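First to last, the sequence lines map onto chains A and B. Taken in order, the first sequence gives residues 604 to 866; the numbers are from our numbering. Taken in order, the second sequence gives residues 4 to 381; the numbers are from our numbering.
No lab work stands behind these hints, which were simulated from the structure alone. Mixed in with the good hints there might be a few duds.
As the list claims (entries may be wrong) - Partial selection, computed: residues in chain B whose CB lies under 8 angstroms from chain A: (1) Leu23; (2) Arg80; (3) Asn83; (4) Ser263; (5) Glu265; (6) Phe351; (7) Ala374; (8) Thr376; (9) Asp377.
Claimed, not checked - Output of the computed footprint for chain B on chain A, the stretches with three or more beta carbons under 8 angstroms from beta carbons of chain B: (10) 615-625; (11) 745-751; (12) 812-821; (13) 824-833.
Stated by the list, open to error - Here are the in silico distance ranges between beta carbons for each label pair: (14) B:Gln46 - A:Pro668: 40 to 46 angstroms; (15) A:Leu742 - B:Arg369: 42 to 48 angstroms; (16) B:Arg127 - A:Arg691: 27 to 33 angstroms; (17) B:Arg127 - A:Asp665: 19 to 25 angstroms; (18) B:Phe32 - A:Pro668: 51 to 57 angstroms.
In this text the structure is predicted, and so the values were computed from the model without any measurement. All C-beta atoms, glycine included, are put in the ideal place defined by N, C-alpha and C.
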Amino acid sequence: MKNEIKKDLLTLGSHTFSSRFILGSGKYSLDLINAAVEEAGAQIITLALRRANVGGLANILDYIPKGVTLLPNTSGARTAEEAVRIARLARECGCGDFVKIEVIHDAKYLLPDNYETTKATEVLAKEGFVVLPYMYPDLNAARDMVNAGAAAIMPLGAPIGTNKGLVTKEFIKILIDEIDLPIIVDAGIGKPSQACEAMEMGVDAIMANTAIATAGDIPAMAKAFRMAIEAGRGAYNSGLGRVLDRGAAASSPLTGFLTDSGE
Amino acid sequence: MSMKYMPHMEQLDHSMMDELLAEVNAVDFTAFTEHDVRHALDQEYLSFSDFAALLSPAALPMLEIIAQKAQVETRKRFGNTICLFTPLYIANHCANHCIYCGFNCHNDIQRGQLTFDEIEREFRAIAETGLKDILILTGEHRAKSSVEYIAEACRLARKFFTSVGIEVYPMNSDEYALLHEAGVDFVSVYQETYNPETYDVKHLAGPKKVFPYRFYSQERALMGGMRGVGFGALLGLDDFRKDAYATGLHAFYIQKKYPSAEISFSCPRLRPIVNDASINPRDVHEPQLLQVMCAYRLLMPYAGVNISTRERDVFRDNVIKICATRISAGVKTGVGGHEEEEKGDAQFVISDERSVDDVVDAINARGLQAAMTDYVFV
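Generate coordinates for the entire structure from the input sequences, incorporating the hints supplied.
Right under this line is the structure:
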């Protein structure tokens, strides 16, 4: 092991990635995408098909650097059926086989519908898509999505666009413990420190958009996120030291009186 | 106000309207203080009372901090994206006598209606500017501009545009369903004023006189399968604070009943019309207009806010930084006029005649991203 560098890769379907930062492409100037991807070290970038202005001015696809994997999302879908149609449309447009399923029929909080998402996952996985379902962190729904053929599970940290961080932390921990697929926290991550915290916890990757898109300096924030994600991953891989809730550990153990030969 | 429905009009239960009118009647804008406004600004989700505080005279001196909060909320939900659209008037025949509107049936203007060939040529000319989002308009004349005529125009529009909206006369839910089949997903109907008495004296004759039928248009549109609905009061017709308050509540109630509905607000002020240059928005000056737009934003942070060419370029270019998310460009308010001579006179006089390219440049110059589409028809 001495001179061997252990590769720490993220596996999605049959694809592997060394970066654990999935970058959003919506909400900011197309001219900045290149710089943001570079600073983020991102290998996957999401794309809302509804923004992909096929055939019109400023086609977003033209701005995405070569070699980056596109992750089209089904934003705008309100049902499983609509998500399936958007995913197929994305593949027809040359966006590849990855798809992030978003099914939202709540225009106020933009919370995903786990039931419809599972249905869409099943259909699209059978059609050969690498399916990443965006979901509300519910263990039962996550298991259904695994059975439906998902390649990863993308629980929300907080409602989209709120930048509130890991408000669903306890439930994401359960997913980390119970689900064997990669867990990618998507939505709600507002600051690099929150991304770092999620990675320390054992999340496999982070997807962020609003926090970067609304920063004063977009490429610089993309870089800050990359560093935070790498730091969190490093800490997780190293095995975090114990953190005690209160006080210190007794140096004289309570069970020191026990001996093997006592009886 | 006329509550008596005409025979062809579908009737829904009136409880939402009754509740809303009672709420609007009860509000007293003079009762709010600076403290109430600050309280409203501290809330993540506004109560109706908070919303009223933001619309009150007490909020006007605090417009700067209100605008700053509105900007934060807008950027959180919409990022830096500003969507562009343009309206196309395909006919201006009208059976209504609305005393403030250039299309009113007693106004002596040139009337016209585009043929399908002409509509297609207009669409092509508009599409060449890069626009992908079209709003199709007519006057209210069910005989001259039939539902089928509008539907055919919308089918043609689908060939050129990704998003098709309509701003035509109110219809029944089955007619909205037909238009949805034809490719329409967004319906805007403006109540003009929510004060039934004022409504009655501003709308002297025609089907528009039936206040509740107009009020329930958005609900019928959603029942017909539409994705989104637009709301608006014509500011200046009556007490603009009450009308803005009612508009917000109307949208809020509909959103609660139809959670998947995409909501948008338009904020038209009265403008001079052909044969009457004296029409003006009275006490709704730019600060008041911005106040209303910010209040909509904070009541419903996820709703679209449109800004039209009724306003001058400087105002438009600044409100997209604060709260507006969709801006018109390359606008003609006569019938046709993008490709050929206008076939009919305009509904109102516009204040910003810039081309699509100029508006795109203005958006980009402010560090925002001009988007031609934010929608996929499924």
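* Kindly indicate which numbered hints from before are broken by the structure, ordering the numbers from low to high. => 1, 6, 10, 11, 13
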